[in-house]
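K.L.:
Listed below are the residues making up each chain.
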Amino acid sequence: MFVAIFYLYPIAKNVAMSFQSYTATSFVTGEAPFVGLRNFGRLLNFSDFRSSAINTVIFSVGSLVFQFVIGLGLAVFFQKRFPLNGVLRSLLLLPWLMPVIVSGAIWVRLFDLDHGVVNFALHSIGLVSQPIPWLASAQWALVSVLIANIWIGIPFNLVILHGGLAAIPAELYEAASIDGANAWQRFRYVSWPLLRPVSTVVLVLGVIYTLRVFDVIMSITRGGPGNASQTLNTWGYQLSFSRLDFGLGAAVGDILIVVSMAFGLVYLRSQRRAAEASR
Amino acid sequence: MTRVLGAGRGSTVIAVVIVLVLLFPLYWIVNVSLMNQIDILRSPPPFIPPQVSLDGYRAAFAEAGTTLTSSLVYGVGTVIATMTIATPAAYALSRLTTRVTVAFLFVLLLAQTIPGIVMANSLYALFAQLRWLSSYQAVILADTTIAVPFAIIVMRAFMLSIPRELIEAAVIDGAGPWRVFRSIVVPLSRNAVVAAALFAFLFGWGDFLFAVTLNADAHKVPLTVGIYRFVGSYSVAWPSLMALAVIASVPAAILLVAAQRFVATGLTAGAIKE
Numbered sequence: 001m002f003v004a005i006f007y008l009y010p011i012a013k014n015v016a017m018s019f020q021s022y023t024a025t026s027f028v029t030g031e032a033p034f035v036g037l038r039n040f041g042r043l044l045n046f047s048d049f050r051s052s053a054i055n056t057v058i059f060s061v062g063s064l065v066f067q068f069v070i071g072l073g074l075a076v077f078f079q080k081r082f083p084l085n086g087v088l089r090s091l092l093l094l095p096w097l098m099p100v101i102v103s104g105a106i107w108v109r110l111f112d113l114d115h116g117v118v119n120f121a122l123h124s125i126g127l128v129s130q131p132i133p134w135l136a137s138a139q140w141a142l143v144s145v146l147i148a149n150i151w152i153g154i155p156f157n158l159v160i161l162h163g164g165l166a167a168i169p170a171e172l173y174e175a176a177s178i179d180g181a182n183a184w185q186r187f188r189y190v191s192w193p194l195l196r197p198v199s200t201v202v203l204v205l206g207v208i209y210t211l212r213v214f215d216v217i218m219s220i221t222r223g224g225p226g227n228a229s230q231t232l233n234t235w236g237y238q239l240s241f242s243r244l245d246f247g248l249g250a251a252v253g254d255i256l257i258v259v260s261m262a263f264g265l266v267y268l269r270s271q272r273r274a275a276e277a278s279r
Numbered sequence: 001m002t003r004v005l006g007a008g009r010g011s012t013v014i015a016v017v018i019v020l021v022l023l024f025p026l027y028w029i030v031n032v033s034l035m036n037q038i039d040i041l042r043s044p045p046p047f048i049p050p051q052v053s054l055d056g057y058r059a060a061f062a063e064a065g066t067t068l069t070s071s072l073v074y075g076v077g078t079v080i081a082t083m084t085i086a087t088p089a090a091y092a093l094s095r096l097t098t099r100v101t102v103a104f105l106f107v108l109l110l111a112q113t114i115p116g117i118v119m120a121n122s123l124y125a126l127f128a129q130l131r132w133l134s135s136y137q138a139v140i141l142a143d144t145t146i147a148v149p150f151a152i153i154v155m156r157a158f159m160l161s162i163p164r165e166l167i168e169a170a171v172i173d174g175a176g177p178w179r180v181f182r183s184i185v186v187p188l189s190r191n192a193v194v195a196a197a198l199f200a201f202l203f204g205w206g207d208f209l210f211a212v213t214l215n216a217d218a219h220k221v222p223l224t225v226g227i228y229r230f231v232g233s234y235s236v237a238w239p240s241l242m243a244l245a246v247i248a249s250v251p252a253a254i255l256l257v258a259a260q261r262f263v264a265t266g267l268t269a270g271a272i273k274e
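If you're matching them up, the sequences are chains A and B in order.
Under the numbering used here, read the first sequence as residues 1 to 279, first letter to last.
Under the numbering used here, read the second sequence as residues 1 to 274, first letter to last.
One chain only, chain A, in its complex shape (with noise of 0.2 Å):
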């Protein structure tokens, strides 16, 4: 029941909204007319569209591979034995989590042109002569958001790549050694393959969470300056809650919808495997 009316439902409705046309007087009318592809026509029609789509791709690869990359630096290193190792390694889970607003709020602070840190860092070690507008650049904002959100993604890669590594029997890495097989060798040609399971299950992961990406970008640009940030799921909140067009936004919802629902039978595929190979 529950699900029906809470899954099932918003994406009934979700669809049903956007060939309406669905605004603000429709809640007090309760009329919604009925206006057919229109919502999506407008839709293309908008610049927006096109800059937040090609935004959002920015967006999820970006984090994706950094978020991947530094978090199996790390679970490949937080495999080593050493002392407070298990404690440090939680410590890490902290920003993951923290209220993802509260951690916008700490980078609009880092990013600050005149007293941020990142803009002192950077200058200190002579990288740049004039500090950089991180927030209120076009350049920069998609930039900057990124950098926080890898920067939140980064542990929960870490912990669930760890987990896969743990799983690789140890007899294996012995027998590499044995063969004469460096660090890196037995990197690649143990560590890597057994864990194409879990790396893939982690990635479609994030593929769904940076497609759900909002927190972040809402609490560090707003999708601006202009529209440099906004990725489609900013811009159909705008689409909604600011232009109480909520045709055209569900009109953007079900674009998301369709893309993540992909991505999460990917997903299922890959886990059942990951489940399997774990068997």
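Note that these hints are calculated values from the structure, not bench results.
Where is the CB? At the ideal position from N, CA and C, for every residue including glycine.
Any given hint might turn out to be false.
[What the hints assert, rightly or not] Stretch by stretch, here's where chain B covers chain A in the computed footprint (C-beta under 8 Å, at least three residues):
hint, region
1, 126 to 133
2, 229 to 240
[Unchecked claim] In silico negatives: residues of chain A with every beta carbon more than 12 Å from chain B:
hint, residue
3, LYS13
4, PHE40
5, ALA53
6, ILE58
7, LEU74
8, VAL102
9, SER137
10, ALA138
11, VAL143
12, ALA175
13, SER177
14, ILE178
15, VAL190
Chain B: place on chain A using the hints.
P.N.:
Relative to chain A, chain B alone:
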């Protein structure tokens, strides 16, 4: 042996450096929250407050009064609603293994992938009709939709490992289904139940999307939305904003310290286990 130990210590040092770098932004929240309005404008930015000031916290508590209560209501409400639905559902799904169960789990996992903005869009229309947009339950129910699939998956994975014989023995002793659930299943899966409840709380407490879209009552605005509006204002009072941020992070920090193993359990089980 000493060489191995030595290498271990070296790794600890590197690990500490990694943690310090990655958690630097969190340190910075605390750092700024303890400064006064003048010191935050210094250049270079001070790495420790030149003069520790609690003004930020005073202002934060003075302003945050109602938002703090609202966040607690959303957090606790989400836990209650989620556990009421998810615990029996997880048990049922762990006992019955029919085609329907498989299909149900499939839909549940797929439902997890729907972006929140889609939910907000359509739930807004629904709750507007019900005239719920100024009530706590609208946001709580929306948060619950996010927390339930995760809770079911985590708890079901655990309940699957409860030996069938244990339950059969209880039934022979005359225990009804409810009694088996309450006295055997829930106590035995305590770890998973606690993990699910903790995450439900964090969902409700940290939620921003639903709180900003589905609530129109200024008295029911949670901390997250308060912080968001604060960041957007023209002259940001950084010490009090960061003090608010510290307050908003307290539950996550407590959970991590008090329930470390549950957190790891929850994360891993939610992602991989079938």
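K.L.:
Would you assess whether VAL102(A), listed as outside the interface, keeps its beta-carbon beyond 12 Å of every beta-carbon in chain B?
P.N.:
Not fine: 5 Å to the nearest Cβ puts VAL102(A) too close to chain B.
K.L.:
Compute the least Cβ-Cβ separation between SER137(A) and chain B, then decide whether it is above 12 Å.
P.N.:
Correct as stated: the minimum Cβ-Cβ distance to chain B is 18 Å, above 12 Å.
K.L.:
Is the nearest Cβ of chain B still more than 12 Å from the Cβ of ILE58(A)?
P.N.:
18 Å, holds
K.L.:
Regarding the assertion that ALA138(A) does not contact chain B, is the least Cβ-Cβ distance greater than 12 Å?
P.N.:
19 Å, holds
K.L.:
Is the nearest Cβ of chain B still more than 12 Å from the Cβ of ILE178(A)?
P.N.:
With a cut-off of 12 Å, ILE178(A) remains clear of chain B, as the shortest Cβ separation is near 18 Å.
K.L.:
ALA175(A) clear of chain B by more than 12 Å, beta carbon to beta carbon?
P.N.:
20 Å, holds
K.L.:
With d taken as the least Cβ-Cβ distance between PHE40(A) and chain B, does d exceed 12 Å?
P.N.:
Consistent with the label, PHE40(A) stays out of reach of chain B, its closest Cβ about 15 Å off (over 12 Å).
K.L.:
Holds or violated: is the Cβ of SER177(A) farther than 12 Å from all Cβ atoms of chain B?
P.N.:
15 Å, holds
K.L.:
Was VAL190(A) rightly flagged as not at the interface, with every chain B Cβ beyond 12 Å?
P.N.:
Check passes; 20 Å lies beyond 12 Å.
K.L.:
Between the region 229 to 240 of chain A and chain B, see if three or more residues pass the 8 Å beta-carbon test, and mark the coverage as holds or violated.
P.N.:
This one holds; 4 residues, not fewer than the three required, reach chain B with a Cβ under 8 Å.
K.L.:
Examine the region 126 to 133 of chain A for residues whose CB is less than 8 Å from any CB of chain B, and state whether their number is three or more.
P.N.:
Not satisfied, violated; 0 residues make the cut.
K.L.:
LEU74(A) clear of chain B by more than 12 Å, beta carbon to beta carbon?
P.N.:
7 Å, violated
Against the hints set out earlier in the document, violations occur for numbers 1, 3, 7 and 8.
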